[in-house]
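Trainee: Chain residues, written in single-letter form:
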Amino acid sequence: MKRIGIDVGGTNTDAVLIDGDTILSSIKVPTTQDVMSGVKAALAHVSGSIAVSGRPLDAVMIGTTHFTNAVVERARLERVAAIRIALPSGSSLPPMCDWPEDLRTAVDPLIFMVHGGHEYDGSPIVPMIPDEIREAAMKIRDAGITSIAISATFSPLTTECEVTAAEIVRSIIPEARITLSHTLGRIGLLERENVALLNAALQSLGKTTVQAFSDALREASIAAPFFLTQNDGTVALADVAAANPVHSFASGPTNSMRGAAFLTGLTDAMVVDVGGTTSDIGCLVGGFPREANNIVHVGGVRTLFRMPDLLPVALGGGTIIDPETGKIGPRSVGYRILSEALVFGGNTLTTSDVAVAAGLIEMGDKDRVKGLDPAFVKASLERIRDMVTDSFDQMKTSAEDVPLIAVGGGAFLIPEKVLGASEVLRVENAGVANALGAAMAQVSGEVDQVFSGISRDEALATAEAEAQAAAVASGASRESLKTLEVEDIPIAYLPGGARRVRVRVIGDIELS
Amino acid sequence: MVAEPRKLKYDEADLRTLTVEDLDALEIGAGILGTGGGGNPYQGKLLALEAMKAGYELKILATDRIEPDALCMSIGGIGAPVVGTERLREGREGLRCLRAMEDLIRQPIDAIVCEEIGGANAINPLVTAALGGLPILDCDGMGRAFPEMQMTTFSIYGHSSTPSVMCDLHGNAVIFSHAVSEVWHERMARACVVAQGGGAMLATAPMQAHFVHRYGIPKSYTKAIALGQAVIDARKAQEDPIAAVCNLEGGRRIFNGKITDLKRHLRGGFAVGEMELAGFDDCTGQTAGVAIQNEFLIFRRNGKVEVTVPDLIVLLDVDTGYPITTEMLRYGQRVAVLAIPCHDLLRSAQALDVVGPKAFGYPELTFSPLPSIASQAA
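Protein chains in written order, with the numbering used here: chain A, 3 to 514; chain B, 917 to 1294.
If you're looking for bench data, these hints aren't it; they were derived computationally from the structure. A virtual CB, placed ideally from N, CA and C, is assigned to each residue, including glycine. Watch out, some of these pointers could steer you wrong.
[As the list claims (entries may be wrong)] DEER-style ranges, computed between Cβ atoms:
| id | chain 1 | residue 1 | chain 2 | residue 2 | range |
| --- | --- | --- | --- | --- | --- |
| 1 | B | A1107 | A | R172 | 49 to 55 Å |
| 2 | A | A467 | B | A1107 | 44 to 50 Å |
| 3 | A | A377 | B | T1176 | 48 to 54 Å |
| 4 | B | E928 | A | E137 | 43 to 49 Å |
| 5 | B | N1088 | A | A467 | 36 to 42 Å |
| 6 | A | S39 | B | H1181 | 56 to 62 Å |
| 7 | B | R1103 | A | E75 | 50 to 56 Å |
[Unchecked claim] Derived DSSO-like pairs (lysine-lysine); straight-line CA-CA distance at most 30 Å:
| id | chain 1 | residue 1 | chain 2 | residue 2 |
| --- | --- | --- | --- | --- |
| 8 | B | K1152 | A | K380 |
| 9 | A | K398 | B | K1135 |
| 10 | B | K1179 | A | K398 |
| 11 | A | K419 | B | K1174 |
| 12 | A | K30 | A | K42 |
| 13 | B | K1135 | B | K969 |
| 14 | A | K398 | A | K380 |
| 15 | A | K398 | A | K372 |
| 16 | B | K1135 | A | K484 |
| 17 | B | K1179 | B | K1274 |
| 18 | A | K329 | B | K1152 |
| 19 | A | K398 | B | K969 |
| 20 | B | K1174 | A | K398 |
| 21 | A | K141 | B | K969 |
With these hints in hand, go ahead and build the complete structure from the sequences.
Mentor: Given below as C-alpha cells:
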C-alpha cells in the first residue's frame, strides 16, 4: 500500500512517502507561522516521487499539533454551550467549575444543568425532562452558539440521555455541532465533560484545519482519502477526526513512537522524542504507546480519555541555555531556531549550539560557536544527560535495562550511554519518525464501561464486541481486527459483581 | 417553628477560618493520611471551593475550646468511590442529614465532627459544617482511613452510632433508629447505600463535646493541613517532600521500590490485593510486599512482617511526594513507603479488636507498634 505520512510539529513539518515498508521519499521542513505553507512545501517534495513506482497513492495520514496549541494558547477557540443531564446529582459542581479562568473566558460558556442521567446499573437517576432540554436549546440558539457539549451521568454505560438530548437540540438548532461525552471519555463525569467541552470549543478549528489540509492536497494534485492521526497511534478519516479534535491532542508523540517501532523493529522499548521545545518519553508495549490510565491535564484542564502515557521534559533542540549560569530551559526558541540559534546566525545560545560545538552534529555555521568554552560545553552536555537519565528511569516499568530509541529532530542531544538503558538506538530516518508513524497507522476501537449483573466472561465478551463495532465504524476492516488490551477492575462496595471493563481492538484500514 | 437565636457553646474568636491555600494543603494531607484509601478528596475540595465562592466560611475549632456538653455530630460519605466520580453529589446531602438529625433529637447541633480524616471524608464534613453555619472540631474518629464505620474511636470507646441519618442526592432521608451493634449498623447502611445508587452521606448519633475531646484523634485538621503544606513548601524549595512528611508525623521512610507485581480482586465487597516491590537506592536487593484491603494494611520486608494496621503505611510518589491511592497503583511505579505510628487511642486492646490485624483477616499476626511520636521524642 502506498501512503504519505505528514507530521506537523511545533518546530518541524515532516513528510514521507512509503510503499509497503519501503521509504520512497522523505523531507523535513521548518513549520511555518501559517503552518500550511510548510505542509505544502513538504507535500510538493514527496508527491514528486509518487509516480516512480507507478501505482496510485492509497492514503494520506496527517498528524498535527493545531488543536493542542489552540488550547494551550487559549486562541482560535469558539464559544460553547454545556448541557449536563444529571440533576439532582452534581448541582453544586457546575460544568467547568475547575477550569483555569483564562480558558473559561476564552470559550465564554453558556451552562445548563438539567434533570436526568442514569445510575451505575442503568436505571434512571430521575426521568429526563425534554422541556428542560428544549428551553436550554432555545437559549443556546438565541445566543448564536452552535457548538454544544452534552454530558450525562453514567453515559458510557447508558447513552440514552445524551442521544435523546442531542435529537431535541438538533430539532431546534439544525446546524448544531454536538459533542456527546460518552463518545470521547471514560467513567468520571467531570473529566469526561471537560473532554467534551474542549472538543466542542475546537469544532470550528477542526473544520477549517481539515479544509486547509484538503486544499493543500488538492493543490498537490492528490485525490487519495486522507486521515488524521489519533492519540493512541491510530488514524481516523479526516472528516470523522474533524468532529473529534481532542483525539488528535497527542498525535505527535504517538506517531513518533510508532515510527520508532517501525524503524527499529522493536515492539517493546522506551522512546524519547526530542522536538524543538520539549522531549516526550513514552513506552512502547507490543508496538503501541502505553496508554495513560489516569488524569491528564491539557492546558490546565483535567481530562480522562484515550491519551498516551507520556512524560514531558523541557529539553529540545531549541531549548535556551543561560550563558551565565548554564541553566538549561525551560524556555525555547521553538520554530524560530533557524533564525535565533547561534549556529544559524542568531544571538541565543541553545542546546543545538552546544551540540554543534561538541561535534555531535553538523548544522549551520559551526564557526559561530568556536568561541564557547569547552568546559561549559561539557558541563551542559552532562546536565542534558542527567535530565534524560532521570526522566527515562521514571518511565521504566522494571529495574531491568531496556532499549531506548531516540527519535525526533533533536535526537542528537541524547547521549550514547544512558544509565538503565541496554542500548541507545538511533535509526536512519529518525528525524522523520513521526511522519513514518503516521503513515503506518491503523484504526482502533475502544470501550470503557461498567458492567454489573453479568459474569466477568460475559462482560469481557460484550465489551470486546462493542470495541470491534466501534473500530469498524471508524474505518477498520473487520477481518484484520485484533484485541490489543483488556483490563477489568472490580468496583468496591457494590453488589452484583460490578466491574469496569476496558477493551481496545485494532485493525487495518478498510480500503475502498 | 420559629428558630430562636442559637446560643453559641464556643467563643467565635477561637475559630480558624480556612483559606483556599489551606484547602489545597488539606487535599494532599488527607490523601497522605488516607493510607491508600478513603477516596479522592478532589471532588470534596471543589464542593468546598464552590461553597466559599458562595460566601460560606469553613471554620475549625479545637476540641477543648467548646463547652463540654455541646452536641457534636459526626458525618461522612458512604459508598463506592468509582460511583462517586460519576454520580456527583448534589452538594447538600450533609446539610439535610444535619437538619434531619436536629428534627429527630429536637435539639440544635453545635458542631460537626469528622469520622475519617483520610481521603474524601476529610472535606465532606467541612462542607456540611460550612453550609450549616457550624464549626468543625479539629479531630476525627480514625486519624487515617478505615473501610468501615465501626472502626472509629468513637464507636470503639462506647459511643453507639445510632440513631443515625442517611441522605442521598434525591432528598431521601433514612433514619436508623437503633442497631444492636456497630457492625449491624455498618451492614444495614451498606445495604441502604446500594438502594440509594451507591453514594450517600451518613450522620451518626450526636456526641457530647467532652467525649469527642477525650476519644477523638486530636488535631486532625491542623495536622493534615500542615502535612500537605510541608509537601507543597518542600516542592517549591526543591527539597525532599518525603523527608518533610516524616519529620512532621514521626514517620520513617522504610522502603524505596518499584512495583513489580500487583494482584487485585474483590472480597466481601472490598477491593483487596497484594503488591510486590523491588527495592532501589538504599533498598537495592530487597523485596517488599504490601497487603491491601481498600487501604494499605500490612508491610513485609523480604517476607517478614514489619508494619501492620492500625499503624499507617503510606505510599508516596518518589519524586513529587504526592500520596498514591490503591486505585492509582500500577506496575512499574516508583514509590517511597512510609511507616507512621498511629495514635495511642488506636493501640489499646479494645481498639485492636476492631482495627488490628485480626479484624482484617490476619489472625496469625500480632500488632507490634512502631515507636510512637512521644517515645521518639523522649
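Trainee: The structure should be examined with respect to each hint, and the outcome stated for every one.
Mentor: Hint check:
Our hint of 49 to 55 Å for B/A1107 and A/R172 is violated, since their Cβ atoms are close to 42 Å apart. Between A/A467 and B/A1107 the Cβ separation comes to about 34 Å, which falls outside the hinted range of 44 to 50 Å. Checked against the hint of 48 to 54 Å, the C-beta distance between A/A377 and B/T1176 comes to roughly 42 Å, which is inconsistent with it. Remark: the range hint 43 to 49 Å for B/E928 to A/E137 is upheld by a beta-carbon distance near 44 Å.
At about 37 Å, the beta-carbon gap between B/N1088 and A/A467 stays in the expected band of 36 to 42 Å. The hinted window of 56 to 62 Å between A/S39 and B/H1181 holds, with their beta carbons roughly 57 Å apart. The hinted window of 50 to 56 Å between B/R1103 and A/E75 holds, with their beta carbons roughly 55 Å apart. At most 30 Å may separate the alpha-carbon atoms for a hinted pair to count; B/K1152 and A/K380 meet this at roughly 29 Å.
Distance check on the hinted pair: A/K398 and B/K1135 sit about 40 Å apart at the alpha-carbon level, beyond 30 Å; violated. Note on B/K1179 and A/K398: the hinted pairing holds, with a Cα-Cα distance of about 20 Å set against a maximum of 30 Å. This hinted pair checks out: A/K419 and B/K1174 have alpha carbons roughly 23 Å apart, not beyond 30 Å. The straight-line distance between the Cα atoms of A/K30 and A/K42 is roughly 12 Å, inside the 30 Å bound, and the hint therefore holds.
For a cut-off of 30 Å, the pair hint linking B/K1135 to B/K969 stands: about 26 Å separates their Cα positions. The straight-line distance between the Cα atoms of A/K398 and A/K380 is roughly 27 Å, inside the 30 Å bound, and the hint therefore holds. For a cut-off of 30 Å, the pair hint linking A/K398 to A/K372 is broken: about 38 Å separates their Cα positions. The straight-line distance between the Cα atoms of B/K1135 and A/K484 is roughly 55 Å, outside the 30 Å bound, and the hint therefore fails.
Proposed proximity of B/K1179 and B/K1274 is supported: the alpha carbons are some 21 Å apart, at most 30 Å. The suggested pairing of A/K329 with B/K1152 holds, with an alpha-carbon distance near 18 Å, which does not exceed 30 Å. At roughly 42 Å between alpha-carbon atoms, A/K398 and B/K969 are farther apart than 30 Å, so this suggested pair is violated. Distance hint between B/K1174 and A/K398 is fulfilled; the C-alpha atoms sit about 10 Å from each other, no more than 30 Å.
For the hint linking A/K141 to B/K969, the alpha-carbon distance of about 26 Å falls within 30 Å, and the restraint holds.
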